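*Asks:* These are the residues of each chain, in order.
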Amino acid sequence: MPEPVTKAHPYIPNSSPITRAEMLATVGVESAADLYDGIPKRLKLGRPLNLPPALTSERDLRRHVQGLLNKNIPVTNVISFLGGGCWQHDIPAVCDEINSRMEFLTAYGGDTYADLGKYQAIFEFQSMIGELTGFDMVSAPVYDWAGATTSALMMAARITGRRKALIPRAISAEKRSHIANVAQSQVDVVEIGYDPGTGLLDMNDLQAKIGSDVGAVYIENPNYLGIIETQGPEIAEIAHNHGALFIVGVDGISLGVLAPPADYGADLVAGEAQGFGVHMQYSGGLCGFIASRDEPQILAEYPYLMVSIAPGTVEGEIGFGWSTMERTSYDKREHARDYAGTTQWLWGITTAVYLSLLGPEGLREVGEGILQRSHYAAKQLATVPGVQVPLAGSHFKEFVVNFDDSGTSVRDINVALRERGIYGGHDLSQERPELGQSALYCVTEVHTKANIDTLVSALKEVLA
Amino acid sequence: MNSIHTPRAYHGAKWDEPIVLDMGAPGERGYIPPAVEPEIAASVGDGASLIPAGMRRSTPPRLPEMAQPSVLRHYLRLSQMTMGAHITPDASLGTCTMKYSPLVNEEMARTPQMGEMHPYQDDDTAQGILEIIYGLERMLCEISGMDAFTFQPAGGSQAIFANACIIRAYHASRGEAEQRTDIISTSFSHPIDCAAPAVAGFRVITLTPGPNGYPDLGALKAAVSNRTAGLMMTNPEDTGIFNPYVEEFTRIVHEAGGLCAYDQANANGILGITRARENGFDMCQFNLHKTFSVPHGSAGGSCGAGGVTAELAKFLPAPMVVKEGDRFRWDYDRPDSIGKVRSFHGNVQAVLRSYAWIMAHGAEGIQTVAETAVLNNNYLATKLGAIPGVSIPYGGNGHRLQEVRYSWQDLLDETGVSTEDVRRRIVDFGLQGYFTSHHPVLVPEPFTLEPCESYSRADLDEYATVLGHIADEARTNPEHVRAAPHSAAIHRIQEDVINDPARLAMTWRGYQKKQGAAREVATS
Amino acid sequence: MTARKRLGLIVNPIAGMGGGVGLKGTDSATTLQRARELGATPRSGIRANVALSIVLERLGDEVELITAPGAMGEEIALSAGFTPIVIGSVTGGETSPDDTRHAAKVMLDAGVDLLLFAGGDGTARDICGVIDGHLISLGIPTGVKMHSAVYATNPRSAGEAAARFLIAATPRSREAEVMDIDEELFRGGRVSARLYGMMRVPDLPRLVQNLKSGSSGSDQAVLTGIADDIIERMQDGALYIIGPGTTTREIVTRMGGQKTLLGVDLFCRAEAIALDATEAQILNHLDGIPARIVVTPIGGQGFLFGRGNQQLSAEVIRRVGPENIIVVATMDKIAGLRGDPFLIDTGDPVTDESLAGYIRVVTNYHTETVYQIA
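Residue numbers (the working numbering), protein chains in the order written: chain A, 716 to 1179; chain B, 6 to 529; chain C, 5 to 378.
Isolated chain A, as found in the complex (with noise of 0.2 Å):
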């Protein structure tokens, strides 16, 4: 049966009528629809797809989604003090060209030779995240820091051969659901309690729950409640004392201020990279990451993609490639124990760029000017009536904000906020019971004293 005349589609090529007849006749066949003859009649759905009409026009497609999107009030429209796994931070104008080059934006999994730049800003990446975290070795990026967190539990559990993790209660919700849907055949996590007056890492509970069948001990630095955990060398010592692993898990960016992981102790990183030139994208921005020695039984478990640079053939060229795949189920297939995928290789060239242009002065001035500003705003919202600042450690940009003395509840004080153009900190009271009515404030380098004086004062208002 011929082809009904139709108008081609800019983005198929061949759907011009007549290539498609003449390609048809090359083939040997009258009509697409005998290129389904592969196809039982019975499977075949024999209708129209019930979707709505095209868009075929640009204009039109742009009224449509961009009016869609239009509805949205974005953080930049606002004062947003959200963070608790993604944050707001100033996003270089270099960082988004790079992203967005084609090259980049569009390659996939091509090989070493047509991809070398891809691979080698890969590589940048991961050396500069050992630099950032005082080792060796280092994954290509990987979903977010909740699945790097989980994975290095479940190496952890594979190289000691011990299924108990200790991790921290104050962790946040998103990684604990993880952690137990997706490690749930591997590892048995038991919660280590944190000091109600700090927020640091409870060490009597650390204690007491440590034993020669613990695999691994997860702290995270700063901590989900944003504490500058100040016991790493002793909670390493413990960990190691009954043959455990440390796992330290780092919110990137704070690595320009604070000290590396294996410096203190740690046997595994599990990071996020999101604040590393990236927008949020309501969640999409996030890249993580691992990092550890250089070992082969460390190498061999981890589960992910990675990079090796190697010489060239020919003297003075070098080259990389993806290594060791039989540690990954693309090669293990079902005897996989994780498993690998596409991750967030965008970001992670991304954060390239970014580390590159920052500099250690750089990560150095933004760290300390985020604790500035994160510890003024936690000073002066301290002075607020019914305002208190809960938990003495010293934090890094989130803090801890409760509200019970206002009696107010921490979404009814949202609400208020949101009508006077603020975004208030992220709601713990569900998340956190213990904490009561508490809400973790997020304070970057986007934040100007203004912003802070005008979150106080409308707090001031608002709880008044």
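Fair warning: there could be bad hints in the mix.
Stated by the list, open to error - Taking lysine-lysine pairs in the BS3-like style, the calculated list, with each CA pair at most 27 Å apart, reads:
| # | chain 1 | residue 1 | chain 2 | residue 2 |
| --- | --- | --- | --- | --- |
| 1 | A | K1175 | A | K1164 |
| 2 | A | K1094 | A | K1175 |
| 3 | B | K328 | A | K786 |
| 4 | B | K519 | C | K9 |
| 5 | A | K759 | B | K328 |
| 6 | A | K759 | A | K722 |
| 7 | B | K226 | A | K756 |
| 8 | A | K924 | A | K879 |
| 9 | C | K9 | C | K109 |
| 10 | A | K1094 | A | K1164 |
| 11 | B | K518 | C | K9 |
Hints in this document: simulated from the structure, not taken from any laboratory. Note that the coordinates shown come from a computational prediction; the quantities given were computed from them, not determined experimentally.
Place chains B and C on chain A using the hints.
*Replies:* The following block gives chains B and C in isolation, referenced to the frame of chain A:
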């Protein structure tokens, strides 16, 4: 230059760029962060003093010190040495569906209304994106016949893992977790279809292909028992062959009490033609960065959309978008959910692009996509099949669909030139090094090509011309093929270094240490 | 400067000549003469050349080649571009199995890192008997009959595997079966194969061709996984009739027992009931108790029954019941069959037929595949 009949005289950019850590000069910088107001500094002191002493970084990290234009230039050069799908007709990456990512969608995805959204911001402030998520869900339900979709998985593998978790949760909810231990998959399904259930704790039984290239019913029946938890398979498989027994497969597994999950990574050729529902599946997943045009991002920023029937919807990862009247919101109240497979909401920017792509096509456009993908594939196969040295193993079942797994075994026997050699040589003509095969490598000397609908006939002719040229070269000048590439950014690397734990390095510092040690040994 | 790798080479120059003119092998002088009359030319040398060229290309100066004189290796080594170290001697005229064995002894004494040999099952058997597991070897296929599982798929993959093995920082090896075919019976149209012994061959995670099966890491890890899986599902009180092979042996080893490598042993859990049992002994022990047969395909042809385990006769299989047959095999072995089904040759067509179809194969811990039986 008529590249349809003669391979183009391509030469790749060759910048010989150093590793960025070796570039720049002390004191250079590329960006100055916003300065802290003096009043803040006066109020709290300097930043370092706010860090407890033991936790202060004492040594600056060894990052580049480079001015902004230098950083820009370095990464622009690296981008020039990357063969994205927009630069070359990328039929090479079979199973990856390297289609055109419309630029109009890129523009919209980079507006603040997408880029500057925080996952925890109140639903009232996110009505636009929530409507888009909901809208894509409805459209994918129509395309697949499923009843609900999650976009939380940030890649196909993650979505398939979610499906394995849902199967686990389903049987647990019926008190059969102990009994239902087995998941069945096939050799030509993507490795993740076996790996995901294994990670979820299942015993995996793999069906090997029969002479037609797909497992037959006898194989499935041998694998099914009262311990069967489910079936996870791709169809068409990576060979491009549609298993015509699929309906019997799903029926037999259902009868045994199992669930059926459809890995639709290879959906591009069957969109609108056949659906997960009618094929008997309870779950499916689409790779939005494959079938639905989301750019591949050098491997990421993608989304695995996971669809399920109404009965299984309660197990989906939380939260899900629900519509109440005119309003959309995130529903976290899902007690039977398997939990998170990824933080927050996944790669929502991928959802946006897919939504726009489907809206731009409509039903008729989608049909044209599928038909053209299959037509392009068969056209290319017709041309490649005529090249001496190429064979297409497996009788298959009617026409191949979206891709073909070819073999160079005959060329190897005749000339000693292998698929790996051709793969490196193809880069010399401005084409991406092709995908060979996932494990297990059952087709010898494989290469798997998927033209998809985005490439023109001239593109396909060019591709065939290049492969024909290389095959000729294998006969007349095999050494030249085997020593390729010759006009790429680099020549062959010492490939065994990459896989040798004693010599490989994932970081520059690691590499320098090992190189230094090697030099010491050499000179001692 | 790191020590050079030592590669041994033995070529059986007349192996494979029979195949080209339709004769089965060249193990006897009569057959060889007939082959020559029919115009057959030695092919093993050409194929060895291909393999050696690859090794030379990859390793260059880092490998030294040790070989036997003349047509048994020296000539081919030179033609491939090597400057070989030639050791040993050859009796004049036609080369014989004695010459092969002598060359193998020379290699053993020289302690080469890898021994490459070009020849058929007969060559493999002759070398195996001499080196007795003390050298790691790999066969370049040239002979007609390749029942032994010690060969690469083709000369190219032999070269690739040899090169990678020599380069590897921590080279690993695994055991593979060497089969002994009764020559007289074979030419008479009947195959009678005996499992002669085991040879150590390279075990690399990503070997080319026949070993690209996606298995995880070392062969030993897979064997342990298979053993653990079978042990987990063992039933107390059942008799396990365990066939020859390293995969099956591991099951007993893992339980702390000792199993013969080449024989059929009977176990109840870890308790040995009978070792290297004959068919009659097996049948005796079957009286009244539930039994399972545990087998792995023997040799390179994928025979489940009939090669190397004829004690598992049609009668034994009937009494145990086809549904009680457990097949174990590494994915390496399965992939090496290249899609060709398992073969059964009990001598009784009815029994053979009853086993045709599909069977589940345990390929690792909690991992199975479904494979076809012809």
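*Asks:* The structure should be examined with respect to each hint, and the outcome stated for every one.
*Replies:* Results of checking the hints against the structure:
| no. | hint | verdict |
| --- | --- | --- |
| 1 | K1175(A) to K1164(A) | holds (17 Å) |
| 2 | K1094(A) to K1175(A) | holds (14 Å) |
| 3 | K328(B) to K786(A) | holds (16 Å) |
| 4 | K519(B) to K9(C) | holds (22 Å) |
| 5 | K759(A) to K328(B) | violated (31 Å) |
| 6 | K759(A) to K722(A) | holds (25 Å) |
| 7 | K226(B) to K756(A) | holds (24 Å) |
| 8 | K924(A) to K879(A) | holds (10 Å) |
| 9 | K9(C) to K109(C) | holds (19 Å) |
| 10 | K1094(A) to K1164(A) | holds (13 Å) |
| 11 | K518(B) to K9(C) | holds (25 Å) |
Consistency with the previously given hints fails for number 5 only.
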